[in-house]
Each structure stands twice: as C-alpha cells, then as structure tokens.
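Numbering (this note's numbering), first residue to last: 49 to 1122.
Derived from the structure by calculation, the hints contain no laboratory data.
Warning: the hint list may mix true and false statements.
27 Å max Cα-Cα, derived DSS-like pairs, lysine-lysine [as the list claims (entries may be wrong)]:
1. Lys-773 to Lys-795
2. Lys-1046 to Lys-943
3. Lys-632 to Lys-221
4. Lys-937 to Lys-788
5. Lys-1012 to Lys-988
6. Lys-573 to Lys-562
7. Lys-981 to Lys-935
8. Lys-181 to Lys-163
9. Lys-1110 to Lys-1089
10. Lys-1012 to Lys-1110
11. Lys-1012 to Lys-1046
12. Lys-181 to Lys-125
13. Lys-181 to Lys-419
14. Lys-1110 to Lys-981
15. Lys-497 to Lys-573
16. Lys-964 to Lys-908
17. Lys-627 to Lys-419
18. Lys-927 to Lys-937
19. Lys-908 to Lys-891
20. Lys-425 to Lys-181
21. Lys-175 to Lys-163
Listed next, with one range per pair, are the computed distances between beta-carbon atoms [to be verified]:
22. Asp-895 to His-824: 53 to 61 Å
23. Met-691 to Gln-787: 26 to 34 Å
24. Lys-891 to Pro-942: 35 to 43 Å
These figures come from a predicted structure and were not determined experimentally.
In this text, a Cβ means the ideal position worked out from N, Cα and C, and glycines have one as well.
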Amino acid sequence: MEATNSLLDTAAVGDLVLLDPLTEESLLRTLQERFQRSDIYTYIGNVVISVNPYRSLPIYTPETVQEYHNCNFFAVKPHIYAIADDAYRSLRDRDRDQCILITGESGAGKTEASKLVMSYVAAVSSKGEEVDKVKEQLLQSNPVLEAFGNAKTIRNDNSSRFGKYMDVEFDFKGEPLGGVISNYLLEKSRIVRHVKGERNFHIFYQLLAGGSAQLLQQLKLRQDCRHYGYLNRERSNLPGVDDAANFRAMQDAMRVIGFSPEEVTALLEVTAVVLKLGNVELSSGYQASGMEACSIAESQELREICELIGLDTSTLEQALCSRTVKARDEMVLTTLTVPQGYYGRDALAKNIYSRLFDWLVNRINTSIQVKPGKQRKVMGVLDIYGFEIFQDNGFEQFIINYCNEKLQQIFILMTLKEEQEEYIREGIRWTPVEFFDNSIICNLIENSKGGILAMLDEECLRPGVVNEDTFLTKLNQLFATHKHYESRETQNARHVMDASLPPQCFRIHHYAGKVTYNVTGFIEKNNDLLFRDLSQAMWAARHTLLRSLFPEGDPQKVSLKLPPTAGFQFKSSVATLMKNLYSKNPNYIRCIKPNETKTAMLFTPELVLAQIRYLGLLENVRVRRAGYAFRQLYGPFLERYKMLGTRTWPRWAGGNRDGVEVLLEELAIPAEELAFGHTKIFIRSPCTLFDLEKRRQERVVQLATLIQKMFRGWRCWTQYQLMRKSQIVISAWFRGHAQKNRYKQMKRSALIIQAYARGWKSRRLLRELKRQCRRHAAASTIAAYWRGYQVRRAYRRFFRSGASARLANFIYRRLVQRFLVGLERNLPPLSVMDQTWPPAPYKFLDDANQELRSIFCRWKCKKYREQLTPQRRALLQAKLCASELFKDKKALYPKSLAQPFCGEYLGLAQNPKYQKLHAVAKDNLVMADAVRKVNKASGKTVPRLLLLTTERLVLAEPRAAQPKATLSLGDIHGASVTRFSDGLLALHLRESTTGGAKGDLLLVSDHLIELVTRLHQALLGATARGLALHITDRFSTRGPKGDVDVTVVESERAGSEGPVCKKRGNRRMEVLVH
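Could you put together the complete structure from these sequences and hints?
If you want it as structure tokens, here you go:
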C-alpha cells in the first residue's frame, strides 16, 4: 500500500495494516471513530471493510466517480469505488479476470455494495448506443431479481433470499458485452410460511399494491393483503418502502431487459397462481371403507386458479386430494389426509415459485448473454446470503452457513497465497503466520463419505422408516469425538451439561461462532419431493409458461429415477462456484452490520466485535503485516520522501532503488526495519512509517516557507519589472500623443486656409450668378406685365354685365359645399346626451347651422326611441311624467332620479300569502308597495299594503292580506305633498262617493315619487284627466268629524324612518319631517 494523508491519520487510520498497536480494542475503536465521522469504508491492504450506515450518504455522486476513476488505489480516501476501479483496470489493462467477493451478515449491506460496484463499472466504461444498452440491461436486472428473490426479514428490510453470482463480460477495450447470472438456493420455504414481523417475497406485495384494477381483475386477485394465507393475512405496511412505485420500476426494468408483454403477463399469472394456492382450504372426511380422506372445502379459489392456467378443475382437485402409487405392475389411487393434502399443496406452491425464479434468471441470461465466438474478459460479482444465526436454525441456515464457510476458506487461502507470492516475487523471506484453518469444518459438512450432507442423503435414500431421529443418531455416532460438533448425546458422553442445546438439535462450531441446528424438517427439505400427480397436472395445463416448468410431468417421459437432493445440488453448485472463483483474481468487500435495530449511524461495539472475530479481520491484518506492514514501489516512495535527504533533493539522477537506499541511509533508519525487494521497499513497523510521515510534514512546512519567501521575492521583482515596463510604455505613448497633436494642429490650420480660399472663390461666383438671375427676373417680370396688359384689354372688350352675379353665386355654392362636407366629417357622437355641435365657419350660415343642429338632435332622439323596448319606453315615460310633476318643486325628486321605478315591491306572485291580493289585481296591476296609513285622530301610523291597478286603489292589512279599503280612481279628485324630502301623501276623495265617506287618506310611502307618478298616469288612462297635485306645507284633509289642518314643519327631531305626526287639538295636526 501507499502512504497518504488519508490513510495515515493517527486518530483513525484508513488502512488497518498501519494500526499500532494492533489489538481487537484498537481495531474496533478505529472502525467506530471512522464510522462516527461518516467514513464507512476502511482498508486492510486491498480488502475493503464496509460498515452499513443505514442512511444515504453524499459520497456516490458523479463527481465522486470521476475522483476515483483511474486513480491509485491508496491515493484517495477508502471507498468501494476504489476497489471497483482497481478491479476494472486490472481486467482492462492487465488482462486478468477479476471477481469481487461481498460477504457479511444479513443486513450488512451486501446487496447495496454489489449495486454500487455495478453502477461504478457502468459509469466509467465506454459510451455508445450499443454499450449503453448492454449496461442498462445489466443494471436493470437488479430490480427484477430483487422483486422475486428478496424479502423483509427481522434483520434486513431488503434481504437477499438467494445467492447471486454475476459474470460481467468485457471486450479487449473494456466495454461490457453482456453477462451471465447464476443463482443459488432460493429460500422457497418462505413461500408457505414466514415468522411474524417478516414478509414474503417482495413481488406479492408489489403486485397487489401497484397492479391496476384491470390487471388485478385479470389475475383474479384482491388488493387487500389480509385476504391471502401465504401473506399471513397481515397488512403489508413497510416504512420507507413504496411497493407500488417498486412494481412500476420492476415493469420498466423488464421492458429494458427485453421481456415481451406476453411474457410479463404469463409471469404475473403464475405468480398469482402461487399466491392463490395458499387460499385453497381442505376439509376432512371419511370414505365408505372408513379411511380418512380430504376434499376441497371451497371451490371458488380452485376454480379461479384453473381458469388462470387453463386446466380442468377436477384434474387439479384430484391431484391435490389423492396420490397415484405404483404397487408392483399396478397403479393404485390412494386418498390423502388433510395434513398430507396441505403438504402437497405447499410443495406445489414452492416448486412452482422456485422453478419460475430459475426460468426468470435464464430468461434474463438470454437477453444479456454474449454471442459465442467473441474474445472476452470476465469480472464476477458475488452477492450471497451472509452468515445467519437465528433463535431457531433449520436446513436453510445450515446450507447458507456451509456456503459462508467455503467463502471464508477461499478468503484465507487466497489472501495468504497472495501475500506469500508477493514476498517470493520480491525476494523477501516469508514469515509463516498462524491462523485458524476452517478446512476441518468444511470437511465435517461436505465430506463425500462421512460428511453431514452425505449422511443426510444416505438417510433420505434408505428404505424403511426414515425420520430425523435416526439421522441425528447417526451423526452422533459418527462425530462423537469431533471437536467442532456437539449434541445432547455427545455432551452427555463427555459429562457436559448444557441446557441451551435441545434434544432434537446438533451444534457446529463455525468460524463465525457456534450455531445450533434443529433437525426437524431436514429430511423433508432435502428430499424436496413433489407428487408425480401434481407434476402431471401442471403439464396438462394449457398455460405455456407453467407447462414448461414441469417437463417431468410429460406422461411420455416418465422416469422412476429419484431427483438429486437439495443438499447434493447445492454442494455441486458451491463446488462449481469455488472453482470459478479460484480461476480469477479476488477482490474482497467485507460488510459489517453496526446494530440490530437498523438505526441510522448507531454503532454497537459488542455486535461489531463479534463480526470482527468471525470475519477474521484481526488475522487478516496480521497476515498483511507478516514480517512487514508497509510496502511500496521504489519510484512513488522516492517521489514522496526525497525531500528528506540532502542528496536526493530536489532531483535524483540515478535509479529509483539507489535513491531510496541513499535516502534511508541518510535518515539513519535501523537496517532491521527495512528490506529491499526487486521493485518495492518493505518497512517492518508502522512506527517507522509514521516517523517518516512526521519528518515529511515538518520538511513540507520548511519547504513551504522557502517557497513562500522565493515567491514573495519573485512577485516583488516581477512587480518592479512590470512598473518599469509600464513607465517606458507610458513615455512612448505620451511622446507619440504629443507629436500626433502637433500634426493635427498643422492639418487643421491648412484646412482652414483652404476653406477660406474656396469660400472666396465661391462668393465671387455667387455674385456673378445673382446678377444674371436679377437680369433674367427683370426681363420675365416685364414680359408678364405686358402679357397681362394685353389680356386685360381683351377681357374688358368682351366683359358682360351679369358676370359679377354668376361669380358671386359660384363662390356662395362653393362655400356652402365646403361647410356641408366639413360638417359630415365632424358630426358629434350619436349619444342623445351629447349636445355638442360644430359652429358655423361663416356668419351667413348661422341660421342654417342651428336648423341642421335641431334636425340632427331630433333624428338622434328618434333613433334612440326606436331602439327602446316597450318596458323601457314605459319607464322613461313615467320618469318624464315625474319630472313634469316634481322637478324644482319637491326636494325628494333629485334623489329619485337614480332609482328605477320597479312598480312591484311586494312579490305577490312569489309569496303564497298574497294569493288573494294577486287575484284582486289580476293583470291590471300598476304598483304594489308597503305604506303606512296615518290615523288622523291620534297621529299614529299603521302598516298597510297598497295595490294600484288601472281601475282602483286597494289598501290591505299586511298580516291577513285582506283588503281593508277599495277606492275607484274616479273617487280621487286631488293629492297634496310637501316640498321636503319626506314621503307624506294626502289623497283627497270626493264626498259623494262610497269610498270618500270616511274622509281623505293620509299615507306615508318610501316610493312617493313613483306612487304619485303612476297614480297620475292611471287617472289619465281611466278618466282622461290628470291628478290635481298640490305641493304645499299647509293643506286641509277631510275626516269623519270635520276638516283637519295639516302643517308640515322641517325639524331635526323627526325620525329617520319617516315623518312624525302630532295631533294639536281636534282640528290641527303637525307633521315633523327631516
């Protein structure tokens, strides 16, 4: 590694190889300090340790990608991009196949690490339409595989429940050509059951949350997760996860990869079948023979499944509830019990989903695989499940931990091998390092003759009664003395009492710790049997994709050979994977989970220390520091530290190794701390390296001071030279400017002299031309006078006496014509309110002008009247009548001008209470208003409803809406109002009439002007005479007991609501108005 400031921070070194002292406590403290500073990446040589921060960090931007692109591995801060760039450049430039091994516990961030590696390689590789398409397909395979292969566990919200190894293939230029994906051991038992707090595979929740109503109806699904048994009938809420958006992203990714719409629909239909199988309920019954049998409890779900896959309902029902057994040469159909039926149903669901996932991986490989015949380089990325230790560990955890043992084995061996090869290559003596070799654990599990997997396969194939008890007994007998195996029986033999080890369990001492496995379900899960009847039923389906998943169901290809066990298949896959990894140059990313609660930036030292131990990080550091903790090429070392020697600074003319030897000899570093290889310098102790760095920092300060001094001197000298040069330039420019001004002055003087000379010549010529013009003008004037004299003499001879009259008439007509044309062009606007008119241009046209103005005004009014509606015409006539009656006579009149005459103020037609009054008025209603009648005896007022028709006037009581008084219009011979702004009205009635027997009416109205006007118009229409209106402050009214004199007085004591009437004796009344 190389020494840089980022790696040699004494507070928290970026490379643990340089840690001094090297202990578990110092290593843990360094990781914690870096984690608290958001430095989640740390090196052990070329191994990257990644601590999951459980939150997004701003360290994956495009700028960061460019910072790490083509950089030295140790020249920048530790980062996952550094190892990705180193692997990519080794593949591209040195033609070495690479593999990146990402290991760690579940929830440690392995899946995210693999995404970051792939995204970095895609970002730094070449651009181009075809290349970008390949990169996009490789990147978009992640969302699809995560949807079908990842699930929420207690420890991780996006836990990979399958192992994935992707080989990305490149051409000789480093451009991606395609890839191949291998998957290992999908946890298909999660399909049928998962513990509380976890979820099934993401695709089920994404489909229900993101599928459109039309799609869900097509798949015969409900949106509620609580409807499905395989989802534990629980809500699907997961904080921070949008299942609907992830479903859309998965669909987009499939489209990018190249899935056709028909393939996507078929894939979702098979997924829906798996989900609906969990809702198929079985009921118990008995046959006539007394044997127990099962049947479908509710056929609705089964019928919908058969409609999706194109299968007869009775075929699937028979396959679920019975089994065909071959006895000798005869096929016997036996019924299943309810537990057996549920076992078959769940086995079918697991097999369908597992085979569907394999088909999905193969289909992606079909799109991204490289065409044969091209020369290629390979970079493998391994993202596989981490080491798992649960409260209850079963067959899946056993297989997963076996795989992690193999990966730990390859990590240790290849790390030691790489270290040993470097020492041999450099000619340095190799110092052996003690470390734990887990080959004994791997042999315990995978030995073909006496391993646990071999014993499990043997037990599964053994005839007779086979169960987990016989399997555990055989293990106890075989591994009774094995130091990494123990069970309750072996502990009893050793006289060890351990209550934490149950009877049905055995324990293996893995490299990561002790794990207790419950053997319940080992044989069943290893066999992974599916009844032949169910395979044949799936083959009989008309669904093309589902049918292709069960080739063994073809009756023409029936095979009695047992399929290989799950353990054997996984062991073979791991062996192939190990062989593949051994053939490539390894790069390691060790992921660490900082806490169990998935809390952002929380560091739990106890949990991290346990991972440090079982990941063997301390041993890894010791291997890297075996003999020498630091090594570097001679060239970079000399370039970094040559400033410390007087002979090597500032330039060294000899070879790099000679320069390093001279430098270290001058620095007096002990010889036992150094070793000189063929191409590298090796330093034994980190303290020596830190001492070099300290000296270098002090020397840098000195050199910086020297550089500053020289720079300031150079800057002052440069400034002086610049000032001197500026002075010379200024002087030259000033002299040039002075000469230029002298030249301009001389040129200006010459131009002035020339101008005066040319002016003198021009003036002389002008005087000559003027004399010629005067002579010519005089001759023309004399000729004109002569011709005029001759014409006048001839005209007087032929002049007539009527010529003056005709001339005057002609002038008059021309003036009139000009006046009329000008008037046409300047006519005023057609608004009847506009009284403007242009004045006459000549006094003799004043009378004609006034007549034309009168004609134009009458014509405008006529046009305006023709445009009026009958209602508007009647309203204007009423307003005109009001003007004739009240203008300049009553103070209330100006206020009424802006108020339109509505006539009907009571709403007789709308109010059902006034139906009788409306019937009285019928179609002859002129005005309806609320008035107040004044009692002449007391002066008090009472409300009344007034209805004026074309023939009569009616007063009605408001509450009962009954007429109280009805007067014919002929009974009214006059009316009196005041000159003030009040609404007082006295109606004088004839004594001889029936209505006038009680005397005159004294009323108060809010619409007095309109009421009097409409009464006047109604009298004109009915009697051909108008209303005799008196506008006065004193008038007399006739009452039943004699006349009453009414005096109207303007007073501030009058109320704002109307006049106040006060009786002054029997014959006098005083009315106060405002």
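Status of each hint after checking the structure:
{"no.": "1", "hint": "Lys-773 to Lys-795", "verdict": "33 Å, violated"}
{"no.": "2", "hint": "Lys-1046 to Lys-943", "verdict": "34 Å, violated"}
{"no.": "3", "hint": "Lys-632 to Lys-221", "verdict": "19 Å, holds"}
{"no.": "4", "hint": "Lys-937 to Lys-788", "verdict": "95 Å, violated"}
{"no.": "5", "hint": "Lys-1012 to Lys-988", "verdict": "18 Å, holds"}
{"no.": "6", "hint": "Lys-573 to Lys-562", "verdict": "23 Å, holds"}
{"no.": "7", "hint": "Lys-981 to Lys-935", "verdict": "26 Å, holds"}
{"no.": "8", "hint": "Lys-181 to Lys-163", "verdict": "17 Å, holds"}
{"no.": "9", "hint": "Lys-1110 to Lys-1089", "verdict": "18 Å, holds"}
{"no.": "10", "hint": "Lys-1012 to Lys-1110", "verdict": "24 Å, holds"}
{"no.": "11", "hint": "Lys-1012 to Lys-1046", "verdict": "13 Å, holds"}
{"no.": "12", "hint": "Lys-181 to Lys-125", "verdict": "32 Å, violated"}
{"no.": "13", "hint": "Lys-181 to Lys-419", "verdict": "15 Å, holds"}
{"no.": "14", "hint": "Lys-1110 to Lys-981", "verdict": "14 Å, holds"}
{"no.": "15", "hint": "Lys-497 to Lys-573", "verdict": "21 Å, holds"}
{"no.": "16", "hint": "Lys-964 to Lys-908", "verdict": "46 Å, violated"}
{"no.": "17", "hint": "Lys-627 to Lys-419", "verdict": "24 Å, holds"}
{"no.": "18", "hint": "Lys-927 to Lys-937", "verdict": "15 Å, holds"}
{"no.": "19", "hint": "Lys-908 to Lys-891", "verdict": "26 Å, holds"}
{"no.": "20", "hint": "Lys-425 to Lys-181", "verdict": "19 Å, holds"}
{"no.": "21", "hint": "Lys-175 to Lys-163", "verdict": "19 Å, holds"}
{"no.": "22", "hint": "Asp-895 to His-824: 53 to 61 Å", "verdict": "54 Å, holds"}
{"no.": "23", "hint": "Met-691 to Gln-787: 26 to 34 Å", "verdict": "58 Å, violated"}
{"no.": "24", "hint": "Lys-891 to Pro-942: 35 to 43 Å", "verdict": "40 Å, holds"}
Hints 1, 2, 4, 12, 16 and 23, counting from the list given before, are not met by this structure.
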